[in-house]
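So the chains spell out like this:
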Amino acid sequence: MKIQAYSTASLSEAIVAFGQFCRSHGLNVGVQETQDALNAARHDVLVYRPIFKNALRAIFCTSPEEQKRYDRLFSLYWDTNPIDLQPDRKNKIAVTGTLQKKNTAALVLLGQGKSNPDEEEEAKNVSGANASERLRKTDFSKIREIDARELEILADRLFKEMALRLRRRMKNRQINGQIHLQRTIRRSLSLGGEPIKLSFKGQKPKRQRLIVLLDVSGSMDKYSFFLLRFVCALRDRFRQSEAFIFSTSLVRITHLLDTKLLNLALINLAQQADNWSSGTKIGTCLETFYDSYGKQTLNGSPVVIILSDGLDTGSPALLHSVMTKIQRKARKVIWLNPLKGMQGYTPTARGMSAALPLVDDFKSAHNLESLLELETILSNV
Amino acid sequence: MVQNPQAIIEALNDYNYVADEELATALFLLLKLRKPILLEGPPGVGKTEIAAVLAAWLETDLIRLQCYEGLDLNAAVYEWNYQKQILLLKSAEANHEKMAESEIFSDKFLLKRPLLQAILHPKAPVLLIDEIDRSDEEFEAFLLELLSAFQITIPEIGTIKATHRPYVILTSNRTRELSDALKRRCLYHWIDYPDLDKEMSIVQMKLPDIESELLEQTVAFVQTLRSRKLAKTPGVSETIDWAESLMALGYRRVTAQALHQTLGCVLKTVEDISIVKKENAGLME
Numbered sequence: 001m002k003i004q005a006y007s008t009a010s011l012s013e014a015i016v017a018f019g020q021f022c023r024s025h026g027l028n029v030g031v032q033e034t035q036d037a038l039n040a041a042r043h044d045v046l047v048y049r050p051i052f053k054n055a056l057r058a059i060f061c062t063s064p065e066e067q068k069r070y071d072r073l074f075s076l077y078w079d080t081n082p083i084d085l086q087p088d089r090k091n092k093i094a095v096t097g098t099l100q101k102k103n104t105a106a107l108v109l110l111g112q113g114k115s116n117p118d119e120e121e122e123a124k125n126v127s128g129a130n131a132s133e134r135l136r137k138t139d140f141s142k143i144r145e146i147d148a149r150e151l152e153i154l155a156d157r158l159f160k161e162m163a164l165r166l167r168r169r170m171k172n173r174q175i176n177g178q179i180h181l182q183r184t185i186r187r188s189l190s191l192g193g194e195p196i197k198l199s200f201k202g203q204k205p206k207r208q209r210l211i212v213l214l215d216v217s218g219s220m221d222k223y224s225f226f227l228l229r230f231v232c233a234l235r236d237r238f239r240q241s242e243a244f245i246f247s248t249s250l251v252r253i254t255h256l257l258d259t260k261l262l263n264l265a266l267i268n269l270a271q272q273a274d275n276w277s278s279g280t281k282i283g284t285c286l287e288t289f290y291d292s293y294g295k296q297t298l299n300g301s302p303v304v305i306i307l308s309d310g311l312d313t314g315s316p317a318l319l320h321s322v323m324t325k326i327q328r329k330a331r332k333v334i335w336l337n338p339l340k341g342m343q344g345y346t347p348t349a350r351g352m353s354a355a356l357p358l359v360d361d362f363k364s365a366h367n368l369e370s371l372l373e374l375e376t377i378l379s380n381v
Numbered sequence: 001m002v003q004n005p006q007a008i009i010e011a012l013n014d015y016n017y018v019a020d021e022e023l024a025t026a027l028f029l030l031l032k033l034r035k036p037i038l039l040e041g042p043p044g045v046g047k048t049e050i051a052a053v054l055a056a057w058l059e060t061d062l063i064r065l066q067c068y069e070g071l072d073l074n075a076a077v078y079e080w081n082y083q084k085q086i087l088l089l090k091s092a093e094a095n096h097e098k099m100a101e102s103e104i105f106s107d108k109f110l111l112k113r114p115l116l117q118a119i120l121h122p123k124a125p126v127l128l129i130d131e132i133d134r135s136d137e138e139f140e141a142f143l144l145e146l147l148s149a150f151q152i153t154i155p156e157i158g159t160i161k162a163t164h165r166p167y168v169i170l171t172s173n174r175t176r177e178l179s180d181a182l183k184r185r186c187l188y189h190w191i192d193y194p195d196l197d198k199e200m201s202i203v204q205m206k207l208p209d210i211e212s213e214l215l216e217q218t219v220a221f222v223q224t225l226r227s228r229k230l231a232k233t234p235g236v237s238e239t240i241d242w243a244e245s246l247m248a249l250g251y252r253r254v255t256a257q258a259l260h261q262t263l264g265c266v267l268k269t270v271e272d273i274s275i276v277k278k279e280n281a282g283l284m285e
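Just so you know, the sequences run in chain order U and P. Taking the numbering used here, the leading residue of the first sequence gets 1, the next gets one more, and so forth. Taking the numbering used here, the leading residue of the second sequence gets 1, the next gets one more, and so forth.
In short, the hints are calculated from the structure, not lab data. Predicted model, so just to flag it, every value in this text is computed and none were measured. Honestly, I wouldn't trust all of these hints.
As the list claims (entries may be wrong) - Among the chain U residues that face chain P by a calculated CB cut under 7 angstroms, a handful are:
(1) 40
(2) 41
(3) 58
(4) 178
(5) 250
Unchecked claim - No farther apart than 16 angstroms at their CA atoms in a straight line, the calculated lysine to aspartate or glutamate pairs in the EDC-like style are these:
(6) P/183 to P/138
(7) P/206 to P/21
(8) U/160 to U/369
(9) P/90 to P/101
(10) P/183 to U/369
(11) U/160 to P/137
(12) P/183 to P/137
(13) P/32 to U/44
(14) U/201 to P/72
(15) P/84 to P/72
(16) U/53 to P/213
(17) P/90 to U/194
(18) U/340 to U/287
(19) U/68 to P/192
(20) P/198 to P/72
(21) U/53 to P/20
Where is the CB? At the ideal position from N, CA and C, for every residue including glycine.
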């Protein structure tokens, strides 16, 4: 493949090669795009350099990120001065050597070139199928820094897939209501115009509300943040999602549930979480939630998810009473306790045992796989 | 017909639209290659407006399809007039007449919606598919046939080919990522917020009577707002609205009182307004 314009013989060839060059660097440039580029070149865009550049940009790129990458690729491809790179006959080997280096350096700048072999080896280890399988099963609190990014990408992908599955599943439900005249007639065509099978139209099934209460004290924050991502992915599935975090006091973070804001928000929250004391007052916090937000959020039978280890420093009686109130208003209360993922765990903590009788589902949610199991519960509400 | 992007910039200028070279080149390709163009960008930077301006300049019709969640073929492409069909069938039955199927599914009973209108238009129209990111993925998939082959298939009639290829403009606020298949069929251009000079010339063009001090102050103020993290970043249309309101109220420069009265033109959430008010209260006095 030719990676500089000067090495091509004609303009058409140069454009085609540029298409290949862009493709090899991650832009989605196919035959159609190359053809369009050649077509555009016939329409007088070649007279002036910036126009040519802009024209190919409109054809080759599909997002602002790609446009940035394109600009670099363009100058790399078209701006290289042949004189700088002309192989000298006397010491050909030496020059090609430096040329090689130069290219690699430029490519590394683009984030595409070959990096040193060690790094590559490591990358291979992480991105294999087994690795993702392993990541799915790793406890969130035990994930190393290097894997954290990988896990986030994996989680994003899996959550998206799940959201799509849930959406599709909803559509197949049959609802009876008013007769859908148009569809009935349309379907009766195959039966000679007799409307034997009736089609109905009804309201779309009402989507549920989802309320998440996350414990961010001490070691819980890592689990909470993954659950927050999970909730973010499910946002469309629910009519309304509300999120709260608590340790010693309760904070509403619903407005952060926007995918665009989430990453930024998580960083801020992580910094704040460190400053919070480790004592958790679950009962008091849930009571604050019930008193100040209960009216707005606890109507229409929402699904309530609470993530906490249940190590309460307040009184269990208070927790029990407030849980009763919440449970009465909610369609379903799901308690996630990451400690449950440990071997030999029994819910004997005072707070936990007080709340447990009022919980519909008690799950672990300590790794990706157990989080994804929530899908079945959520799809049945 | 235009020979180069520069001509487009000048032509659009006559219609009070300020286009930069990149946008002009993308539009030039739209005119030459007749490929649909996808315009993405934050709200209020003139994505929708460009379609109206283009239609006015090309002296053709603008056909607009506003996308929303749940938009289906019935609302976007065509629908049979069922009630009328049934009435006709019943009256034919009563009179013991025979009816051919082709008669029932004929042009008379076909309600043409924007996409079909665009295909059948006698002169190549500008077809604006607005806020495509709001529609469902299924609808996006349907658009593929239209955007690549410029044809629509109606089972009862057959495939209808475009008499004239429409100039298709799709806009998106990027609230979700569009499918690669759709993107591949389109030219792409990202419209960002304009810089100070460009925004000033836009406002100047829209409000020719504005005084230069007010113009400079309003635009500069909005530009600083944009660099901040707000819940809703104001677009160019907000700047124009604001400048217009200030002029209507008779202000010749931005004062603390003017800001207090008219901040609602630029900022659209209570949180943003209270933050900015608090900051500027001390600054202005």
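(request) Given the hint that residue 206 of chain P pairs with residue 21 of chain P, test it: the Cα-Cα distance must not exceed 16 angstroms. (result) With Cα atoms ~20 angstroms apart, residue 206 of chain P and residue 21 of chain P exceed 16 angstroms; violated.
(request) Have a go at the residue 41 of chain U hint: is there a Cβ in chain P nearer than 7 angstroms to its own Cβ? (result) violated, 11 angstroms
(request) Please work out if residue 68 of chain U and residue 192 of chain P have their alpha carbons no farther apart than 16 angstroms. (result) holds, 13 angstroms
(message) Just to be careful: measuring from the Cβ of residue 250 of chain U to every Cβ in chain P, is the smallest value less than 7 angstroms?
(response) violated, 20 angstroms
(request) Take the C-alpha atoms of residue 183 of chain P and residue 137 of chain P, compute the straight-line distance between them, and say whether it is at most 16 angstroms. (result) holds, 13 angstroms
(request) Would you settle whether the hint for residue 40 of chain U is holds or violated, based on the nearest Cβ-Cβ distance to chain P being less than 7 angstroms? (result) holds, 6 angstroms
(request) With a cut-off of 16 angstroms on the C-alpha distance, tell me whether residue 90 of chain P and residue 194 of chain U pass. (result) holds, 14 angstroms
(request) Assess, step by step, whether the Cα of residue 183 of chain P is no farther than 16 angstroms from the Cα of residue 138 of chain P, and give holds or violated. (result) Between residue 183 of chain P and residue 138 of chain P the Cα gap is close to 15 angstroms, so the pair holds against 16 angstroms.
(request) Quickly compare the C-alpha distance for residue 160 of chain U and residue 369 of chain U to 16 angstroms and report which way the hint goes. (result) holds, 14 angstroms
(request) Mind checking the alpha carbons of residue 160 of chain U and residue 137 of chain P for me, to see if they're no more than 16 angstroms apart? (result) holds, 14 angstroms
(request) Sort out whether residue 20 of chain P lies within 16 angstroms of residue 53 of chain U, counting only the CA atoms. (result) holds, 14 angstroms
(request) Take the C-alpha atoms of residue 340 of chain U and residue 287 of chain U, compute the straight-line distance between them, and say whether it is at most 16 angstroms. (result) violated, 25 angstroms
Violated hints, in rising order: 2, 4, 5, 7, 10, 15, 16, 18 and 20; the structure is consistent with all others.
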